[in-house]
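Since chain A is already given, all that's left is putting chains B, C and D with the ligands on it; use the hints.
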Amino acid sequence: GEVATPAAGHHRVAVVLSVGGLGDRSFNDMAHAGLMDAQREFGVVVAYGEPAAMSEDERYLDFYAEQGFDLVFAVGFFMASSLERVAARHPDTRFAIIDAVVDAPNVASLVFREHEGSYLVGALAARKSKSGIVGIVKGLDVPLLMRFEHGYRQGFDAERAHLGLPPGTVLSMVAGSFADPVRGKELTRVLTQQGVDVVFQAAGQTGNGVIAGAKEAGIFAIGVDANQNHERPGTVLTSMVKRVDVALREACRALVEGRFEPGVHAFGVADGGVGWALDEYNRPLVSAADEARLREIERRIASGALKVEALPAGDAE
Amino acid sequence: MSAPLDLVDATLREATPLLLATLGGVLSERSGVINLGLESYLLAGAFGAAAGTLFTGSLVLGAAIGLAAALVVALLHALVCTRTRADHVVAGVALNLLIDAATIAALVSIYHTKGASPPLGDALMERLAAAKILGHAPITWLALGAVPLVAWTLARTKPGLRLRAVGENPACAESLGVSAVRVRVLAVLAAGLLTGLGGVYLALDVGSFSKHMAGGRGYLALACVVIGKWRPWTAAGAALGFALLTALANQLQVVTHVPDEIPRMLPYVVTLVVLSGIVGRARPPAALGEPLGG
Amino acid sequence: MSAPLDLVDATLREATPLLLATLGGVLSERSGVINLGLESYLLAGAFGAAAGTLFTGSLVLGAAIGLAAALVVALLHALVCTRTRADHVVAGVALNLLIDAATIAALVSIYHTKGASPPLGDALMERLAAAKILGHAPITWLALGAVPLVAWTLARTKPGLRLRAVGENPACAESLGVSAVRVRVLAVLAAGLLTGLGGVYLALDVGSFSKHMAGGRGYLALACVVIGKWRPWTAAGAALGFALLTALANQLQVVTHVPDEIPRMLPYVVTLVVLSGIVGRARPPAALGEPLGG
Amino acid sequence: MSGLEVRGVTKTFGQTHALEDVSFRVARGEIVGLIGENGAGKTTLLRIVSGFLRPDAGDVLVDGSAVRLRGPRDAASVGVGMVHQHFLLIPELTVAENVVLGREPGRGALFDRGAAAREVRACAARFGLDVDPTARVGDLGVAAQQRVELLKVLVRGARYLLLDEPTGLLPPMAVRDLFALVRRLASEGCGVVLVTHRLREVFAVCGRATVLRRGRVSGERDVAASDEAGLAHLMIGDDLASPPATGRGGPCGAPLLRVASLTVAGRGGRAAVDAASLTVHAGEIVGLAGVAGSGQRELLEALSGVRSAVAGTVALCGVSLLPMDVAARRAAGIAYVPEDRLHDGLVSALTVSENLVLGAAPDRGFASRGWLVRERVHREGEQAVAAHDVRPADADAPCASLSGGNQQKVLLARELRSRPKVLLAAEPARGLDLLATAAVHARLRDLADAGGGVLFAGTDLPELLDVCDRVLVMFAGGIAGEVRPGRDAEERIGLLMTGGGPRP
Ligand SMILES: Nc1ncnc2c1ncn2[C@@H]1O[C@H](COP(=O)(O)OP(=O)(O)OP(=O)(O)O)[C@@H](O)[C@H]1O
Ligand SMILES: Nc1ncnc2c1ncn2[C@@H]1O[C@H](COP(=O)(O)OP(=O)(O)OP(=O)(O)O)[C@@H](O)[C@H]1O
Ligand SMILES: [Mg+2]
Ligand SMILES: [Mg+2]
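Chains as they are written, first to last, in the working numbering: chain A, 14 to 330; chain B, 7 to 300; chain C, 7 to 300; chain D, 512 to 1015.
Just chain A, with the same shape it has in the complex (with noise of 0.2 Å):
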C-alpha cells in the first residue's frame, strides 16, 4: 500500500488488511471506510495495504512498526497469530486487531458483541414470522457462529412472549462452506419446505444464496456482517451489521484524544458497533411499530437492562 509522509504533530495509522483485500463489500471495505472517517474527523496520516498471501501478514505488520507507525490495525480473525509475534517484537507501537483477541500489552482488540445485534434481528423476526418458524443458515458449525444463533434465538423466543404468541421453532443449518451460494439457496429450499418464513444467514458468500432462495420462496431473509438490504428489496428484511468502521474510527479517535487502551473491547449495541440497519430499502417492510419496538429493545440493551447471553449455558468458547 501507500506509505504517507510524517506530517509533525499528527498520529499516523496504518491499516493490515486481511487476504483478499478491498472490494468485498464487507470487512475489508468497512476497515478501509472507518480508516477515511478517521482522517477525515481527526486528520490522522494513513496507509493501509493489502497482503497477497496469509503468509505476508506477518511482514506487513513488521514493516508498518518498523516504519513507525504509532497505531497498527490487523483486520481479521486470521491475523491473530502474525500480530502476537509482531507486537512481542515492537512493544512500543500501538497495535489493534478486529474480530480477535491477542493479548498483550500493547494490543488492544476491537471485537463484537453478535449476540447482542442478532438479538435485535430475532426479535424482529418474530414479529415478521406468520409460521412461528423462522431459519439460520451458518457457513460452518463453530463456536464464533453460535453467538448469531444463540442471540437470535433468545430474540426471538422472548419477542413472541412479549406478543403473547405461543414459542415458535428456529431451525438452524450449516452449509459447510462460506463460498457455496448454490448450497445456500439449497439449504433455504429445505427451511422453506418445513414451514420457515424468515430465515438470518451468517455464511458469507453462502449467504448470497440464502437470500436468492427466500426471494425465490417469497419468505424474509437477513443480511449479516455488511449492510445488505440493498441486495434484494422487499426480501432482505434487515441486516445484522458488524461496524468494523465504527471500531476502527473509535479506536483512532481514542488514539488522537490520548486514550487508547489496550485490553479487549467488545462493540454491541451501546456504541453502535453492532445493530440491526433500516434504509430505504427496507424501510417498506419495517412498520412504525416494529421500529418502535426495536428501538425499544436497543434501549435497552444499551443500558444493561437487558443482557443478552453470547453463548448457551454450558456452552464455553
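Just so you know, these hints were derived from the structure itself, not from any lab.
Each hint should be verified, as a subset may be incorrect.
Subject to a maximum C-alpha distance of 30 Å in a straight line, what follows is the list of computed DSS-like cross-link-like pairs (lysine-lysine) [said to hold, decoys possible]:
1) A/Lys141 / B/Lys138
2) C/Lys217 / C/Lys138
3) B/Lys138 / A/Lys143
Here is chains B, C and D with the ligands on its own, set in the frame of chain A:
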C-alpha cells in the same frame, strides 16, 4: 408437501450442474483429453451468465454469453491439450486456478467487489421463475435430456465413432484420414458447451455470480466420469447418486443434527472407496492423456 | 536492508515448501503414480506439525507428528493407487478435497475454531528463531540439500534404478523380480515424507495452522514436475523460478499498488505458456498413471 | 502402364540413411518379395509408398503417373494399402467399426451400424475371410486381427497391397490361408509386396524378389531362377560365407527342470495350462510348439513366476520352485525371455547398461549397499555390447534407440549373463535377420552345451525343428505330444497342434 417428492426435486436441482459437467467430462475423456478443467468451464459459464444478463438485461442473451465464455475457456484448454504436448493434468489444474483468479479480477474491475456480482433484478428473477417447467428450470430438463443424447451420439453417430477411435488410438484414426486434433478440439468444445450450461444454471439459480462458485462440482464430475467407467449412462447414474446423497444430507440436517463435516467429506470418501472397488473392465480410453503428434 | 538480498531471502522462503513438494512429485511420478495428492500431504504435514507442537510443546516432536500425518495420508494414497485399479487423477483430487475438509473438521473438534489453530507460544517461536541457520530455517537448507540427494538417488542407486524401471515398464520390472507395488508404495511414501516436511515448514513459519494453508502449492509443485520434465534438477529450477516470481510480486506490491489478482494469476499463466512450449523430448514416464496388475 | 513404382527414393533419419536412391516396382497381378537384413529399409520403403512417411527425394508413381501422398488417406485413394507389422487397430471397437472408420456408412451424421456390418460381411465373403463384423477386435486372436487389417485395405478397394512381415506372428495354417488370399488377389489383378525374413516364403509365393541392403537395392531376382544361397548372399554380402552351423547337442544329462500336472488359470474360468507335464534335461533344447493361445505363454510365465499356478509341481534340480517369487527363482537359476520384448522384456527409456543390471541379484557386484557402482555397471554394458554384437556399440544409449533386433540381443545378453540353469525363451529370434537369428541359435546351443537346459517356445516350425532336440506340442493348455526332428516332423506337429493325433 410430500417428502419423497421434495427429495426428488432437490436431487434434480443438485444434479443439474453435476450431470452436465459429467457428460462434458465423458465426451472429453473418451476423446483422450483428461479433463480436470471442468471446474473452470463451470466458473466461466456462471460468470458469463451473470455478467451477461446484468449487462444485456436478457436471460437468453446472458445464457448465451455464459456459454460463449465457457467455450472460450474450453477452446484455450483444447488448444493447449492438442496443439502442444502439454500434460493434460497440469494444464487442467492451471486452467482452473487461472480462471478462478480471473473471475475475481473481473468482478473487481467490473463491479468493484471481490465477492459477488450484484444480484439480477426482480423482473429477471420473475421471468426465471415463470420459465420453469414442472417446477424445474429448463436447464434441468436439458441436462436430463443430454444423457441419452450423449450416449446416442457416442454409440450411433459418425462423430461419436470417430471420437471413440481417437480416444483409443489416435495414430490409427489419423491413418484413416480422421484428424485427431480436430476430433479432440470438438470434443473439448462440446464439454465446454455442456459444462458451461451447468455454470449458467449455477448463476441463474442463485441470481448472481460469486467467487469459487463452482465449489468443486467440476472435480466431483470428473470423479463421476471415472466411477461411471467413462460411459454416459453409468456416469450420469453416479452424478445422480451424488446429488441424491447431498439432497438427503440437506434434508436430514433439519431433522437430526448431523455435524456438517460428515456430509462434506462424504462424496470424497465415497469416491475413494468406489474407485478402489472398481476392478476388471474399468479401463480408461487407451490414449487418455496421450499428447498428439509425437 | 539491501533489496537484492531481501529478494534472495524471500525467494528461499517461498521456495522451501514448493521445492520439497516438487521433489516428492518427481519421485512419485517417476515411479508411475500421478501425484495430484501433494496438496493433501502439505495440509496433513502442516496440521500435524501445528497440533503436535501445541500438544507436546516440543518442536522436534511436533515436526515428527507432522511428518507422520503426511505419511499416513501418503500411505492411503499409495494403497489406493497401487493395490486397486483406481484412476490416479481422481484419487488425488478426492484425497485433496477430503483432507482439506478433514483438517477443518479437526480444527473445529480440537480447537473449536473456524479458521486457524491457536498460535504457538512465544517460547516456541523464539526457539524456532534461534534454530535458524544463516537466517533461514533448517528445513530450507534441507530442501536445498534434497535436490542433489533426490537426483543422485534416482541416477545412482539401486532403488532409484528400480523406481525408474517401474515408472517406465512395471511388467518388465515384475518379470525381473522387482515388485512394482512395493516400489510405487515406497516412492509415494518418500513423496509424503518430503512434501510433509514442506507442510511442517508452512505451519512453523506462520506459527499456527490455518485452513486451506497449502494454498495450491501442491498443484504448483506438480506443474514444476512437468515443466521440469520429470527431472529433479530442472523441476527444482522451475520451483525456484516460481518462488522468485512470487517473491518479486510480493515486493512490488509494497511499492506499487497492483491488485493482488494479477500476481495470483501469473504462475498459472506461466505454467500454461511453458507447458505449451515444451516440445519434443519432454516425455512422461511411460507407465505414468497406469494401474498395476491388469 | 499399370503398376506401382518408386523412383530414386531417398530417406534419411538424422544420421541414418534409411534409403538411398531406391527404385522398385510391382506390377498389377504380381507378387514381389522385399527382403533384406534388419534395418535394411524395407519398412521405411513401404511406409513411404503408403503415405505414412514422405521421402526426401524421389517419386512414387501409380499406374504411370506421379502421385503426391500427404498421408495414408491419399495412398488409399490411389489404391495403395498397407498392413503393418504391428497392427494399427483399435481393440475396443468392433471389427466393422475398425474397418469402416473414416468412411462410415449412414445418412448425415448417423452411423449405420447395420450397413457397416453388411459391407464388411460382404467384403469378407468375397475374399473368403472368416470374420464376425460385430466382434470386438480386442477379443480376436492374432490371425483374425490380421484379417481385419486386410479387410481395412480390401474394403477401400486397394489395387496394391503392402504386407510388412505378415507371417511373423501367424501359426502355419494361418500362413497358408494368407498366401492363398495373396495368390487370389494377384490373380484378380492386385499387386502385392511381401516383406519377410523367411526365404522359403519368398520361394513359396513370390514371382520376383527385390533385395535391400543398407538402404540400397542390392539386386532383383526372378525367384524361379534363384536359390536361397544366392538371395542370402545379396542380403548379407560377403560378411559371412555361411551362417554358423547350429549342431545338434550330444546325449543329454540329468533332468534339470521337472514340471508335473501344472495347471494355470486362464480367462473365463478355463485353465490356460491344463495339467501339463514335461522335463528339460541338462544339455537339451526342448521346443514348445502350438497355435498361438494354446497356453505356451502362460506356461512360461508360470515357470518364471510372473503368473501363479493353481496346481501341480515344478522342480529345478529337485528344489520346488512354486513357493518362490520371481526374484528367488532367478536366483535359483531360471532365466526368461518373454514373448513381447517391448512390453515385458526391456525398459526402453533406460540405457543398455541399466537394463542389463536391472533386477540383478546384489551379489553380482554392481551395487554395494544399494548404491550402484557406475563404473562396474558401465563395464558390464560394454562387455555385453561387444559379446553380443549390439549395434550401435554404445552401452549408454537408451534401449528405445536400438532397432528391434538389437533390443532382442540386449535382452538375451541380460538373461544369459547370469549363467542360468534353465532358460525359458519365447520367440527369441522373432524379427531377427538371418545372421542375428543364427547368432541367437548358437547362444542357446552354447548354454545347452555348458550343461544348461532351454525351453524354446515358437511358432516357426522349421526353426524349432532346426534348433531343438525335441519339440513338445501344446494344444488347449495341455501337452498333446512330442516330436523329434526327422521326416514328416512338421506334419506331425501340425496335426498335434490342431488337436489331431493320439494323446500320449
Ligand atoms: N527414436 C529413435 N531415435 C534414435 N534412433 C532411432 C530411433 N528409432 C530408431 N532408431 C535407429 O534406427 C535403427 C533401426 O530402427 P528400427 O527399429 O526401424 O530397425 P529395424 O530395421 O526394424 O530393425 P530390427 O529388424 O532390428 O527390428 C536403430 O539402429 C536405431 O539406432
Ligand atoms: N523413425 C525412425 N527414426 C530414426 N531412424 C529410423 C526410423 N525409422 C527407420 N529408421 C532407420 O531406417 C533404417 C531402415 O529401417 P527399416 O525399419 O526400414 O528397416 P527394415 O528393413 O524394415 O528392418 P526390419 O527387417 O528389422 O523390419 C533403420 O536402420 C533405421 O536406422
Ligand atoms: Mg521392418
Ligand atoms: Mg523391425
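Violating hint indices (sorted, rising): none
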